[in-house]
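Given these sequences and hints, build the entire structure.
Taking this note's numbering, I'd label the letters of the sequence shown as residues 6 to 409.
Hints in this document: simulated from the structure, not taken from any laboratory. Positions of the beta carbon are idealized from the N, C-alpha and C atoms, including for glycine. Errors might be hidden in some of the hints.
[Unchecked claim] Result set (DSSO-like, lysine-lysine): computed pairs, CA atoms no more than 30 Å apart in a straight line:
id, residue 1, residue 2
1, Lys-354, Lys-18
2, Lys-240, Lys-298
3, Lys-265, Lys-279
4, Lys-269, Lys-354
[Unchecked claim] Estimated spans, in silico, between C-beta atoms of each pair:
id, residue 1, residue 2, range
5, Ile-32, Ile-396, 14 to 24 Å
6, Thr-246, Val-10, 42 to 52 Å
7, Ser-149, Arg-351, 42 to 52 Å
8, Ile-296, Leu-137, 49 to 59 Å
9, Pro-134, Asp-226, 33 to 43 Å
10, Val-353, Asp-226, 17 to 27 Å
11, Asp-323, Asn-293, 22 to 32 Å
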Amino acid sequence: MLKKVRYDTRNKKPNVWDITYLVILTIVSELVISRLNSPHTELYADLVMIVFYIAMGILLLRARRKQMEYNPYSYNTIYYTAFAILSFTTVLYQIYVTYIYYISGLIEESRIFFVLQGAIRFHGILITPFLLVFSIAMIISNISLIRHEGRNFVNLLGVILSVMILAGILMRPFSNMSGSEQEVLIRSSIYGVFESVFAYYLCMLIGTMYAAWTTAMYEPDKDKDFIIILGCGLKPDGRPTPLLTQRIERALQFYHDQLKETGKKAKLITSGGKGADEAVSESESMKNYLIEKGIPEEDILMEDRSTNTLENMRNSRDIIWSIDPHAKVVFSTSRYHVFRSGIKARFVKLRAQGIGADTKWYFWPNAAVREFIGLLSEHRGKQALILLGIIVLNILFLWVTIKG
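Set out below in structure tokens:
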């Protein structure tokens with residue numbers, strides 16, 4: 006039975022040298038096999054690739070676990086998840102190709118680039134049912150979100166992504182090409198680039214959803230010194246909105262559970278400034294609510310200057326560090342907001358863990374899309390390199406195929 010992952014139990018950032026060693030070992034093995042004078046050289050080479058993809062998937066999942074133990078609120082967890090999915094998909098296709106080529110005797114040789122491109126298409130076919138369900142659910146959830154929260158660009162992100170996914174699925178039947186062999190190869194390679202990019206970003210989206218869900222459902226240890234409550238708007242009369250009330254109640258639940266289980270009393274930090282249309286600051290409104298719930302005023306610290314999540318974390322950090330630089334901290338927010346809030350906390354060097362308040366179902370899909378877009382925008386350099394790598398691989402596939 007797998008042990009439950011515990012956050013912040015690893016003080017050193019995990020490295021991925023084992024993956025580098027695996028790649029080097031695989032390349033050396035393939036070079037050695039290519040020099041063998043054996044009728045089964047291609048079979049041996051394919052078997053090595055099967056082992057490689059399995060090992061790569063396992064090492065990526067292991068790296069993800071270590072990353073969660075070091076810092077769960079990191080985009081690295083998404084990368085590891087996405088590439089693990091691609092690795093396991095590729096090994097399934099590699100096994101299929103090896104069987105067709107050598108057991109059935111239909112084709113005499115295979116090439117790595119052919120397998121990779123075929124695996125991408127196989128991956129697309131494999132997850133088409135998931136895509137259809139996801140896209141329809143996303144559109145339905147966004148309609149509910151717009152009805153409850155109003156129409157704006159952010160609330161339309163899910164619909165836009167769903168339309169793009171459905172368009173990609175509908176384009177597949179039209180990918181069959183005619184013409185000369187060389188024309189078909191060129192068009193196939195161009196189509197392969199689009200399919201590869203589509204598959205990659207889909208895996209990243211799945212990785213984002215998984216990261217958001219696992220961090221939202223995590224229950225930290227009951228040993229915290231401070232509980233930060235993140236503000237999110239007030240009613241016209243200055244009282245907390247239902248969404249903010251849920252965040253406060255989640256913090257209170259943790260506060261009382263910890264007091265009951267360990268006897269340790271945490272300080273509550275109400276974090277949120279005053280908007281132009283708000284009667285009081287979010288911090289003061291939350292403080293009044295806590296006092297009404299029986300929390301002693303001396304257990305409440307106000308942070309009433311922040312206007313966004315990053316400022317919430319930075320200003321709360323300053324308050325905490327002025328009291329105890331080594332304090333253990335937890336923050337309370339909506340479930341869909343935990344992962345992104347954790348990223349902001351780690352950005353300002355605050356090693357805090359998140360607890361998620363119950364959230365209406367229609368917030369989840371759009372939140373995942375926002376995290377996904379945030380990943381792309383904050384890691385533009387990495388994304389450019391990956392896209393370049395996909396294009397280069399497909400060009401190599403085309404060149405090797407034509408030369409062969």
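Comparing the hints with the structure gives:
1. Lys-354 / Lys-18: 14 Å, holds
2. Lys-240 / Lys-298: OK: Lys-240 and Lys-298 at ~19 Å, within 30 Å.
3. Lys-265 / Lys-279: Measuring from Cα to Cα gives roughly 34 Å; hence the hint is violated.
4. Lys-269 / Lys-354: 24 Å, holds
5. Ile-32 / Ile-396: 14 to 24 Å: 21 Å, holds
6. Thr-246 / Val-10: 42 to 52 Å: 33 Å, violated
7. Ser-149 / Arg-351: 42 to 52 Å: 32 Å, violated
8. Ile-296 / Leu-137: 49 to 59 Å: Given about 50 Å between the Cβ atoms, the range holds.
9. Pro-134 / Asp-226: 33 to 43 Å: Since the Cβ atoms of Pro-134 and Asp-226 sit about 39 Å apart, the hinted range of 33 to 43 Å holds.
10. Val-353 / Asp-226: 17 to 27 Å: With Cβ atoms ~22 Å apart, the hint holds.
11. Asp-323 / Asn-293: 22 to 32 Å: 23 Å, holds
Figure legend: structure checked against the earlier numbered hints; hints not met, in rising order: 3, 6 and 7.
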